[in-house]
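> All letters in the sequence shown, in the order written, are residues 16 to 337 by my numbering.
Bear in mind the hints are in silico, worked out from the structure with no lab data behind them. Warning: the hint list may mix true and false statements.
[What the hints assert, rightly or not] With a straight-line cut-off of 27 Å between C-alpha atoms, the simulated BS3-like cross-links for lysine-lysine are:
#1 Lys136 / Lys148
#2 Lys196 / Lys104
#3 Lys104 / Lys148
#4 Lys73 / Lys148
#5 Lys259 / Lys300
#6 Lys196 / Lys281
[Claimed, not checked] Label-pair ranges, simulated between beta-carbon atoms:
#7 Lys18 / Lys136: 20 to 30 Å
#8 Asn278 / Glu115: 43 to 53 Å
#9 Lys307 / Gly193: 39 to 49 Å
#10 Gln312 / Lys148: 40 to 50 Å
#11 Pro261 / Pro50: 21 to 31 Å
#12 Val106 / Glu296: 21 to 31 Å
#13 Gly234 / Lys136: 19 to 29 Å
#14 Arg59 / Ser315: 17 to 27 Å
#15 Ile21 / Pro261: 27 to 37 Å
#16 Gln312 / Gly193: 45 to 55 Å
#17 Glu115 / Glu254: 42 to 52 Å
Backbone N, C-alpha and C define an ideal beta-carbon position, used for all residues, glycine too.
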Amino acid sequence: MNKRLITHDVTNTVNVSDWQAVRDEVLRIFSETYPGYDSRFICRAYEDAHRFFIGESKLFCALETPYHDVQHSLDMTLALARLISGFEKTVETHYRMGSELATIGLIAGLYHDSGYLRRIKDRRHFHGAEYTKTHISRGIQFMAEYFPGIGLHGCQHVIEKILHFTGYELAIHHIRVGDSKHFNLGAMLGTADLLAQMSDRCYLEKCRDRLFEEFVIAGMATRGDTLDCAQDAIYGSAEDLLRKTPGFVRMMMDHRMGVEFRNIHKYMNCYFPHKQNPYMEIIKKNIWYIEKLIEAQDFSGLRRKPGWTLSVTEQQAIPGSS
Numbered sequence: 016m017n018k019r020l021i022t023h024d025v026t027n028t029v030n031v032s033d034w035q036a037v038r039d040e041v042l043r044i045f046s047e048t049y050p051g052y053d054s055r056f057i058c059r060a061y062e063d064a065h066r067f068f069i070g071e072s073k074l075f076c077a078l079e080t081p082y083h084d085v086q087h088s089l090d091m092t093l094a095l096a097r098l099i100s101g102f103e104k105t106v107e108t109h110y111r112m113g114s115e116l117a118t119i120g121l122i123a124g125l126y127h128d129s130g131y132l133r134r135i136k137d138r139r140h141f142h143g144a145e146y147t148k149t150h151i152s153r154g155i156q157f158m159a160e161y162f163p164g165i166g167l168h169g170c171q172h173v174i175e176k177i178l179h180f181t182g183y184e185l186a187i188h189h190i191r192v193g194d195s196k197h198f199n200l201g202a203m204l205g206t207a208d209l210l211a212q213m214s215d216r217c218y219l220e221k222c223r224d225r226l227f228e229e230f231v232i233a234g235m236a237t238r239g240d241t242l243d244c245a246q247d248a249i250y251g252s253a254e255d256l257l258r259k260t261p262g263f264v265r266m267m268m269d270h271r272m273g274v275e276f277r278n279i280h281k282y283m284n285c286y287f288p289h290k291q292n293p294y295m296e297i298i299k300k301n302i303w304y305i306e307k308l309i310e311a312q313d314f315s316g317l318r319r320k321p322g323w324t325l326s327v328t329e330q331q332a333i334p335g336s337s
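Sequences are here, hints too, so could you generate the full structure?
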C-alpha cells in the first residue's frame, strides 16, 4: 500500500486540497445514494466556496486561519457525504433524510467554518482567528445571506440547529431540535468535523504549529510561562496543547461522538467495505503516537510538513510563522 499523501483523505484516493476533486467525489457518492440527484446546488456551493476562501469575494477577506483552512473544510464535506450515504443505505425508509435535507447539510458542512471569514470593512479585527469563540454564530449569519442567494429558501431554521453541532457556543442538550432528522444531520456534521480533523495525515503537527497559533490570536493560549498572561488561556505552550491532545481526543470520541451524537459515526462503517471505519483507525494511531512522544518527553518525532492552502501574505500574518 502506498504511503498516504499529506494532501489526501484517509483512503489516499482523494486530494482534499483540491476543491474540484472533492466536489466530484461528493457528487459521485450522492448520485449513488440518490439516483437522479440534482447536483446544481452542490456544484454552485463548491464554486462559490473556492472564491470565498481565496479572497475573490467583494465582502470578505480570504480565509486566514491556518488550521481551520480550505483543506479541512473539503475533507470534512467528503467525510460527511460518506457518513450520510452510509446512514441512508442502512436505516429504514421513514428514517432517511432524503436528498433535499442532505444537500442542505452538505452545503452547511462546506461552510461550517465560514464564521472565520473576516469582512473587508472590519477595522476592529486583524485576523479571522479572533472569531474563534463566536465563529458558529457568524457562520449561521453568513449562511442566512448565502443560501437564499443560490435559490435555497426556508433553510435557516435547519441551519441554525445543525451548525451548532460543530461548535461549543451552545451545549448539545440546549440545541432545540424538534425533528429527529435534523438531530441526526447535526450529529453527522459534528462527527464529520471531528473525524476529518483528527484523522488528518498531519493532525499532530497542525495542532502544534497551526491550531496553537489560532488559539494565541483568540486569547485562548499564551507563549508565556504562566497561563495568567491571557485571561481565557487554557494552553501555556504548543507542547502543553500536545500533552492535552490525547485527553481531548478521547473525550471527543467517547462523550461527544459516543454520547452526545449517539454514536452516529457507526454509519461510516456501513459506507466502507468490510464494515471498517478508516477515520477511527487513523485517529487511534495518531493518539498512540503522540502518547509515545509524551512518555518520552520528546516531540522531535513530529516531522511532517503539511502543505499550505493560504497565500504567502496570509501565512506571514500568523504570529510565529516567520
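> Hint by hint, say whether it matches the structure.
Do the hints match the structure? See the list:
no. : hint                        : result
1   : Lys136 / Lys148             : holds, 20 Å
2   : Lys196 / Lys104             : holds, 15 Å
3   : Lys104 / Lys148             : violated, 36 Å
4   : Lys73 / Lys148              : holds, 25 Å
5   : Lys259 / Lys300             : holds, 16 Å
6   : Lys196 / Lys281             : holds, 16 Å
7   : Lys18 / Lys136: 20 to 30 Å  : violated, 45 Å
8   : Asn278 / Glu115: 43 to 53 Å : violated, 25 Å
9   : Lys307 / Gly193: 39 to 49 Å : holds, 46 Å
10  : Gln312 / Lys148: 40 to 50 Å : violated, 32 Å
11  : Pro261 / Pro50: 21 to 31 Å  : violated, 43 Å
12  : Val106 / Glu296: 21 to 31 Å : holds, 24 Å
13  : Gly234 / Lys136: 19 to 29 Å : holds, 23 Å
14  : Arg59 / Ser315: 17 to 27 Å  : violated, 46 Å
15  : Ile21 / Pro261: 27 to 37 Å  : violated, 22 Å
16  : Gln312 / Gly193: 45 to 55 Å : holds, 50 Å
17  : Glu115 / Glu254: 42 to 52 Å : holds, 47 Å
Comparing the model with each earlier hint shows violations of hints 3, 7, 8, 10, 11, 14, 15; every other hint is respected.
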